[in-house]
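Visitor: Can you make the complete structure from the sequences, with help from the hints?
Protein chains: 2
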Amino acid sequence: MSLALDAAAQDLLFREARTANTFTDEPVTEEQIQAVYDLVKYGPTAYNLTPLRAVLVRSPEARERLVTHMDEGNKAKTGAAPLAVILAADIEFHEETHRLLPFAPGIKDTVFSERPVREQAAQVNGALQAAYFIVGIRAAGLAAGPMTGFDFAGVQKEFLDDDHTPLMVVNIGKPGPDAWFPRLPRLAYDEVVTTV
Amino acid sequence: MSLALDAAAQDLLFREARTANTFTDEPVTEEQIQAVYDLVKYGPTAYNLTPLRAVLVRSPEARERLVTHMDEGNKAKTGAAPLAVILAADIEFHEETHRLLPFAPGIKDTVFSERPVREQAAQVNGALQAAYFIVGIRAAGLAAGPMTGFDFAGVQKEFLDDDHTPLMVVNIGKPGPDAWFPRLPRLAYDEVVTTV
Numbered sequence: 001m002s003l004a005l006d007a008a009a010q011d012l013l014f015r016e017a018r019t020a021n022t023f024t025d026e027p028v029t030e031e032q033i034q035a036v037y038d039l040v041k042y043g044p045t046a047y048n049l050t051p052l053r054a055v056l057v058r059s060p061e062a063r064e065r066l067v068t069h070m071d072e073g074n075k076a077k078t079g080a081a082p083l084a085v086i087l088a089a090d091i092e093f094h095e096e097t098h099r100l101l102p103f104a105p106g107i108k109d110t111v112f113s114e115r116p117v118r119e120q121a122a123q124v125n126g127a128l129q130a131a132y133f134i135v136g137i138r139a140a141g142l143a144a145g146p147m148t149g150f151d152f153a154g155v156q157k158e159f160l161d162d163d164h165t166p167l168m169v170v171n172i173g174k175p176g177p178d179a180w181f182p183r184l185p186r187l188a189y190d191e192v193v194t195t196v
Numbered sequence: 001m002s003l004a005l006d007a008a009a010q011d012l013l014f015r016e017a018r019t020a021n022t023f024t025d026e027p028v029t030e031e032q033i034q035a036v037y038d039l040v041k042y043g044p045t046a047y048n049l050t051p052l053r054a055v056l057v058r059s060p061e062a063r064e065r066l067v068t069h070m071d072e073g074n075k076a077k078t079g080a081a082p083l084a085v086i087l088a089a090d091i092e093f094h095e096e097t098h099r100l101l102p103f104a105p106g107i108k109d110t111v112f113s114e115r116p117v118r119e120q121a122a123q124v125n126g127a128l129q130a131a132y133f134i135v136g137i138r139a140a141g142l143a144a145g146p147m148t149g150f151d152f153a154g155v156q157k158e159f160l161d162d163d164h165t166p167l168m169v170v171n172i173g174k175p176g177p178d179a180w181f182p183r184l185p186r187l188a189y190d191e192v193v194t195t196v
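Chains as they are written, first to last, in the UniProt record's numbering: chain A, 1 to 196; chain B, 1 to 196.
No lab work stands behind these hints: they were computed from the structure.
Among the hints, a few may not be true.
Remember, identical chains collapse to one label, so a pair may be satisfied in a single copy or spanning two.
Here are the simulated SDA-like pairs of lysine to any residue, each with C-alpha atoms no more than 25 Å apart in a straight line [claimed, not checked]:
(1) K108 <-> Q123
(2) K174 <-> Y47
(3) K174 <-> V192
(4) K157 <-> Q120
Guide: Structural data, given as structure tokens:
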């Protein structure tokens, strides 16, 4: 069964794309990240909430601060990657719904008036957008190294505020030598999909 | 700035892809969904947890039961779509980690021994995989209509169990007449991305 997407694109985005653990020193430019955003911003979210926010950790001083919060096994590669990005979800996304969902501005004061509801929606929809972002990094011909192995409270305190919750840190660049671990197994179709 | 992914693929997956609200009656086959899964199963998750599970609601009787749990505005299109899929997250994903992360089977009894930790990880990583799945549906040349407007507890009770939490329902098919609402605005790059 062939898909509409051509095989080279399938390989680029999924089949040959892998979580990179080493990178070359070729820089990742602002223009590349902007091109990624301008593509993946169209990925769907509930109510068009689009709560994802990103902090590009570029300066050596900021990178050093980020590395101190990473788990031991993630420190070296996060310090060495051409770019490290903190992906976070904005819990106060409802302040933008009058622009993002202009036909239903009232959701700010109804569906999303309570902070715990917003925290939940920010997490789930921020995660959807984080996945689109990873696909977009690969679409740019770059390798992504997403990580959740870090001190979430520490990164939030150091780089964000109480209204922005970290989702993951993603190292980005061209893959370097021995960039990949062996591909891990996946569940079979019949283990994941049932029909009623 | 051009991406490595060709422009036609960019359009197919993001720029011209839209959340469909009507569909033709062309069927969506098991082979198509299997091809989608076999592509997007490679999308990365934390610890390779891959907690996403899917229920294809095919029989008219099951579809009718699903429709009763959808919000008013989602009933007609969910009843009429060639295929409706319940995407859910398996909270007991740690039962598979010995296969999925063979070099660290111990995470089952350490990192993920507590159910609230698993609930959180299932939600976030299930959402990542739901996003890959939506991209995959588009890669198959199909339109997706993801929805969170339904009775989550009702759908869980009717189609799942206590260990599987619904993430969204996705209608799938070829877009029909007037399938799209106008494209909603997106936040500008500078509103989403900051640099330190």
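Visitor: Checking each numbered hint in turn, tell me which of them this model violates, lowest number first.
Guide: Every hint satisfied by this model.
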